[in-house]
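> In case you want the letters, here they are:
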Amino acid sequence: MRAAALARNVGHAFGENRLTLAAVAILIVLLTCAGFGHALAPYDPLTTDGAAKLLPPNAAHPFGTDALGRDILSRVIVAARLDIGMAISAVLLSFAAGLALGAAAGYFGGWTDRIIGRLMDTIMAFPLFVLAMGIVAALGNSVLNIILATMIINLPFYCRFARGEVNVRRELGYVEAARMGGNRAVPVLIRHIIPNILPPMMVQASLNMGWAILNAAGLSFIGLGVRPPTPEWGIMVSEGASYIISGEWWTFVFPGAALVLAVFCFNLLGDGLRDLLDPRRRI
Amino acid sequence: MTGQLQIDRLSLVFRTRHGAVRALEDVSLSIERGEILGVVGESGSGKSVLAYAVIGLQDPAAEVLGGRILFGGLDMLAASEQARADVRGRELAMIFQSPRTALNPIRKVGRQIEDILRQHANVSSGELRRHAINALARVRIPDPERRYHAYPFELSGGMCQRVMIAMALACSPFLLIADEPTTGLDVTTQAVIMDLIRDLSRSARMSTLLITHDLGLAGEYCDRIAVMHAGHVVEVASVEKLLDHPAHPYTQQLLGATPTPQSTIEGLTAIPGQLPDLRHDLPACRFSARCARRVAACEERPLPWVSIGPDHLVRCQVPL
Amino acid sequence: MSFVWRRLLGTVPSLIGVVVVTFLLSHALPGDPAAYFAGPAANATSIAQIRAKLGLDRSLPVQFLQYIVDLVHGNLGNSLTTGQPVLTDLIQRLPASIELTFFALAFAVVIAIPMGVWAATRPDSLADHFCRATVSVAAAFPTFFVGLLLVYVFYFLLGVAPEPVGRLNEILYTPPARVTGMYTVDSLISGDWQTFLASLAQLVLPAISLGLFALAPIARITRASMLQALGSDFTRTARAGGLPRSKILVTYAFRNALLPVSNVLGMVFSFLLGSNVLIEQVYGWQGIGAYAVTAVLASDYAAVQGFVLMMAVLYVLLNLLVDLLGTMIDPRVRFES
Ligand SMILES: Nc1ncnc2c1ncn2[C@@H]1O[C@H](COP(=O)(O)OP(=O)(O)O)[C@@H](O)[C@H]1O
Ligand SMILES: [Mg+2]
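Chains as they are written, first to last, in this note's numbering: chain A, 1 to 283; chain B, 1001 to 1320; chain C, 2001 to 2337.
Since the hints were derived computationally from the structure, they do not count as laboratory data. Even for Gly, the Cβ is constructed at its ideal location relative to N, Cα and C. Some hints could be false.
As the list claims (entries may be wrong) - Away from chain C, derived, C-beta distances all over 12 Å, residues of chain A:
| no. | residue |
| --- | --- |
| 1 | Leu139 |
| 2 | Val168 |
| 3 | Gly223 |
| 4 | Trp233 |
| 5 | Ala262 |
| 6 | Leu273 |
To be verified - A short, non-exhaustive set of chain C residues, derived as facing chain A with CB atoms under 8 Å:
| no. | residue |
| --- | --- |
| 7 | Thr2134 |
| 8 | Ala2139 |
| 9 | Phe2141 |
| 10 | Phe2156 |
| 11 | Gly2159 |
| 12 | Val2160 |
| 13 | Val2304 |
| 14 | Val2308 |
| 15 | Val2316 |
Next comes chain A alone, as it looks inside the complex:
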């Protein structure tokens, strides 16, 4: 019965909703770029060519070349690894940390709950991008710290979600029974509670991916983290910005479009997954 309902939802989310399917297909392409970008790119993303500066899109360079004569297509392809990688690592980290903190807060309640709750409220008291800037400024200007900052500002969403879900499930019969049976907290959590809250949290994570990408790219756009020759979408847009006034649009449009595409597809995937899990929320 439940299997049939699930199958129907899968049918709806992927069959009827061709948009989600298209998003998945594009994401596969993007992830392939992230995985094998160097092999796929037609040129080396770092090799400069003084004779081929600021060429508009043409047969040899479909996305044109930048001010140093580097092939923009190759740079956009290779950059996928850094951009998607930063976002995925940040989301995975906040997923894990948020789950642990939230589960502890929801399960133990009392002071644990109050302290963790206050901590999350404090993070949320900042405009999140500003906090991320402050963190990167304090910890040092590196890719690792961008990931860390993005993780911290995403933490409250996962933590609160996990806390709420654990809180509700704690009182359910089978969990109560396991606790009464003398099981200790961590095994009860791992065996009986967390498996049930993983699916909705995964939806949260995929909805969150787009935002994480925007955030990391925003930080590198203002010059934090990633250093210039490294191909990264945010920094490429920022480099291309100087050539708007002279009309060399391809320098910033293609990396920007890659960002939009990635964010859009992750958002669509998140929506699709949410429908899959909870068809009632389809609005």
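Knowing the structure of chain A, use the given hints to seat chains B and C with the ligands on it.
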């Protein structure tokens, strides 16, 4: 015989993704001036759909297949939306179940009554407030000047229902439709609200369509009762006849399932089976699958109206 | 009025948290502020001197107390890059950011709310699908990219927008005498229409780029809450009472739908204040966001810290304002105690 409200062979379906729901079929009813007509049936039998069709607030998915609804002289189904909106609140009013959610939560109840008055009554804006307070006083709300300023969340469920009645009656309508007005209220409040509705309709010679799943309640407050089952009206009669000599097997079962002061829990019988799925092909008599008296003739269309006596009609091939 | 005080008190824990975090960001973390303050040419002794001068050699709690005392006196330290007190710098630039944020918010609200209402009154129509598509697409565009696209299209290609040189093209216009620090307001005060129009023209593109991202959440929540309000029991009552459609839409459905909208405004402000930094960077806007970017890249600690603190305080206050607005709309919140 021209009643206040006359419903002629009304058929209505909902077009849904999962097929057409035949919610009403050949429903005919009429209400005289000053009369209280009860519409009784299990939940899901189509009572609310009928009420919404009369007032013209049916779901966009609803489609009227045939029939007529005459209110006063107005053909409600043929009239323009503007004409219907003019009638609503002025000549035809409705109150609902769960009064707490039926009132705007962020508007003072007095203002909500004023909204109706401003729309329909010939009242100057300086007088609106006094009229609204009068309307509250009429439904015996204590301290109406203070209650005028109350928000719904500050009032009990019973108070909210009184406010709803005050709103409905603010313009002295000819017909009040009350859809399960006391479901969800406690027993004492239920009696107070029902007494109020009866007294007000008697004193104003207003007709009332009282919709309820409680045959006992209908028996106490109505003049006549129509029994509905799965989108059909199966029996119409005066209260005495219906309660003493039910002619339709379904009415009889409803009576058996209705607690009275004399009955014991053991004496109550549940109605066997359940309402048929209105999306499927249905037999001529939609009750036949649940009926012990079923005969071959029950399959014949059309299902006849049988007159048992004066003002006592039943739709059954083998009435009791 | 007691609910106002309650709300005000409610911001205290947030403010304390904000102060503690900004303190920790610069004093307890791996970077060494003294080394930065000493500059690139410093040696060990001069760094130690600076450390002592800044009080960085004392224990953390003592430093924290000192930090609080400084804050109370409005002392946020001096900026390395400008050499001025950070507070002076920030106050000098704050009006520019507020002006931009306000116009962006106004743009988002003016477009998003009617769009959400429009879609909700015609569910599943073409308009509805259009609204939803716009919302999902807008949510995927990074603000800085939108900013650049708009400059490219409206300045370079079409030539209808002024050159993106910040708040005012100071070659052609002189900034108005400072009263509020917001050029549009100040030029109106001094009655200088030319400057007013010029500064308004400079505002259009940055405000739209910033507002576009805020548009999505507002439109989405307006549509959803409007749909809910239109399907509610009290809307049905209003229709049964024969109230006119406009009355039902505005007084009954829309006012109730505003509650969830005001709740989402907190998140919208978070977006706006954060993205401000990016947009100021794109348009050369002399606000606190651009100031902060320069400071971050120059490792100008005190300036960054002051910026983060000021943004957070601003955000807490904006949330307070939204909260109070929500209380005005909803009597239930006002009376709960
Ligand atoms: N909007 C709708 N769409 C589809 N089916 C509906 C709709 N409204 C009511 N129905 C169906 O019509 C039948 C009668 O419902 P209703 O009139 O609400 O029953 P009740 O007698 O309890 O008031 C039910 O089977 C219900 O499922
Ligand atoms: Mg009903």
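> Would you list, in rising numerical order, the hints stated earlier that this structure does not obey?
Going through the list in order, the structure violates hints 1, 3, 4, 5, 7, 11 and 12 and respects the others.
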